[in-house]
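Okay, here's what each chain looks like letter by letter:
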Amino acid sequence: MTSRVYIIGHSAITCLGADARSTFEGLVAGRSGIQAHENLPADRFLQNIAGRVAELPALPEGSDSSLSRLNARFLHLAVAAARAAMASAGLDSLPDSFRERFAVVVGSAFGGLDLLETEREAAQKRKNLATSPFLIPGMIINQAAGQIAQQLQVFGPSLAPANACATGGYAVAAGAEMIRSGTVDLAICGASESAFTPEIVNGFATMRALLGRKAGDRSLTDPAQASRPFSVDRAGFVMSEGAAMLVLASEPTVRALHLVPQAELIGWASNSDGFHMAMPDTKRISRCLQLAMTHAGIRPEEVDYYNAHGTSTTVNDRTETEAIREAFGPAAESLAISSIKGALGHSLGAASAIEAACCVRSLLEQTAPPTINHIPDPELTLDYIPNEARCMPLNVAMSAAFGFGGTNNVLLFRRVGNE
Amino acid sequence: MSDPRLLASVIEQVRLVCKVSPTVLITEDSQFVDDLGIDSLDLVSLFLTIQDEFSVELDDAELTTIKTVGTLCSAISSSHGVAAA
Chain A
1 MTSRVYIIGH SAITCLGADA RSTFEGLVAG RSGIQAHENL PADRFLQNIA
51 GRVAELPALP EGSDSSLSRL NARFLHLAVA AARAAMASAG LDSLPDSFRE
101 RFAVVVGSAF GGLDLLETER EAAQKRKNLA TSPFLIPGMI INQAAGQIAQ
151 QLQVFGPSLA PANACATGGY AVAAGAEMIR SGTVDLAICG ASESAFTPEI
201 VNGFATMRAL LGRKAGDRSL TDPAQASRPF SVDRAGFVMS EGAAMLVLAS
251 EPTVRALHLV PQAELIGWAS NSDGFHMAMP DTKRISRCLQ LAMTHAGIRP
301 EEVDYYNAHG TSTTVNDRTE TEAIREAFGP AAESLAISSI KGALGHSLGA
351 ASAIEAACCV RSLLEQTAPP TINHIPDPEL TLDYIPNEAR CMPLNVAMSA
401 AFGFGGTNNV LLFRRVGNE
Chain B
1 MSDPRLLASV IEQVRLVCKV SPTVLITEDS QFVDDLGIDS LDLVSLFLTI
51 QDEFSVELDD AELTTIKTVG TLCSAISSSH GVAAA
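In order, the protein sequences belong to chains A and B. Using our numbering, read the first sequence as starting at 1 and increasing by one per residue. Using our numbering, read the second sequence as starting at 1 and increasing by one per residue.
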């Protein structure tokens, strides 16, 4: 007997807002969280516009203080997002009997590289080469899951996916598998990212993945127009940071704890391109979309909204459009598609977790956020919900993510009460 | 008996680095592990900070013998003495 998997809580901390509500309000209003940042100076960084989280939420009083020793920003974002997701689920207090059957599945693409940079500078000044004892615990990717387990006092399995820009989606799928198989009753799943070190920013820039400083680019006069997915003048992504979590629960757990489902996770799929270290592959992405629909037992025409990977790079947005056409067939023409990366930039590993949270929010509010900064591309002719949010009946939402290394993930959510 | 200014500075670093509650009294005789409950990682971090802040070098063999705030002050003083010699 396999259980249904419900979303009972969600959170997001982004450059548009400190929580899921303000982030979604910003998205629907068509605002951008992207701006120029003085702490990304041009003599060290090849991109100085970004989506930064304005302020990290403070830890509640009485919290375990070990997090304060670990000065890696992705950890603080992860724990804050986890706490917010638990509050959204109404799980501020959890019965002890559920603590050992509660999984933490939280990943990141890069982990604590900011801490590595800080500590490298400090260590180079010491004759004995000594390094902070908190460097290793602070930069390992699975420390996010570890700190969340410690802060929430949950003791089930922990897992830390590192699937580049598909990390968050993989985390949700892995948590859902654990619930569906009966391994756990509850899982907090998501991802966190803050990778603003010169090597990472400049590495993406050198790959020509980031928007560059090109004369005449509209981002030079208005940084908010830098990220423009599916637009004719898209020219690369804009780096951002953030974290998001979903709390998943089995159907019996929802009943036992009197929880309120916010959406149902009806299907998911993951696959590999087996093609290239960084280039996406239409055929395998299309296959992943199809596999998710098969897993959920739905037809293409039943998907109302598609939250795109939509990075704003020339290649991704064209490849993704082709993959959608291939997977959805004639239904692609009426599919409402948007990329919230126009407003939020690309938070790498966290992006697909944020987009999953956005799908849950879209189903709750029956509103699809727009793709902002959009100027039509004659070669990309699907419905990208250009520039203005759309209030519409939303029963099923799909979230898709594709990462370097040729790793793909697709999630399918359904509004509760409409099954 | 430690230099009072040095002792105050070291106590300040102990509180800061090892997150010792302001309600816990720290004296020259306080033992890092038994009295203040400081774990091994915090202790290493404290010694590293002390070396950075006070511009001293404490070798590994010496660090294993430092159990109290007072012995840490003594180690800093003698290291300064050696440096000046």
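Honestly, the hints are just simulated from the structure, not real lab data. Heads up, some of the hints might be wrong.
[Unchecked claim] The calculated SDA-like cross-link candidates involving lysine to any residue, where the alpha carbons are at most 25 Å apart (straight line), are:
#1 B/K19 with A/R44
#2 A/K125 with B/D34
#3 B/K19 with A/L135
#4 A/K125 with B/E28
#5 A/K125 with B/S74
#6 A/K125 with A/R44
#7 B/K67 with A/P57
#8 B/K19 with A/P57
#9 B/K19 with A/N142
#10 A/K125 with B/D29
#11 A/K127 with B/D59
This one's a predicted model, so the numbers in the text were calculated from it and none came from an experiment.
The hints, checked one at a time:
no. : hint              : result
1   : B/K19 with A/R44  : 34 Å, violated
2   : A/K125 with B/D34 : 32 Å, violated
3   : B/K19 with A/L135 : 18 Å, holds
4   : A/K125 with B/E28 : 30 Å, violated
5   : A/K125 with B/S74 : 24 Å, holds
6   : A/K125 with A/R44 : 20 Å, holds
7   : B/K67 with A/P57  : 37 Å, violated
8   : B/K19 with A/P57  : 20 Å, holds
9   : B/K19 with A/N142 : 24 Å, holds
10  : A/K125 with B/D29 : 32 Å, violated
11  : A/K127 with B/D59 : 11 Å, holds
Hint violations for this structure: numbers 1, 2, 4, 7, 10, all remaining hints satisfied.
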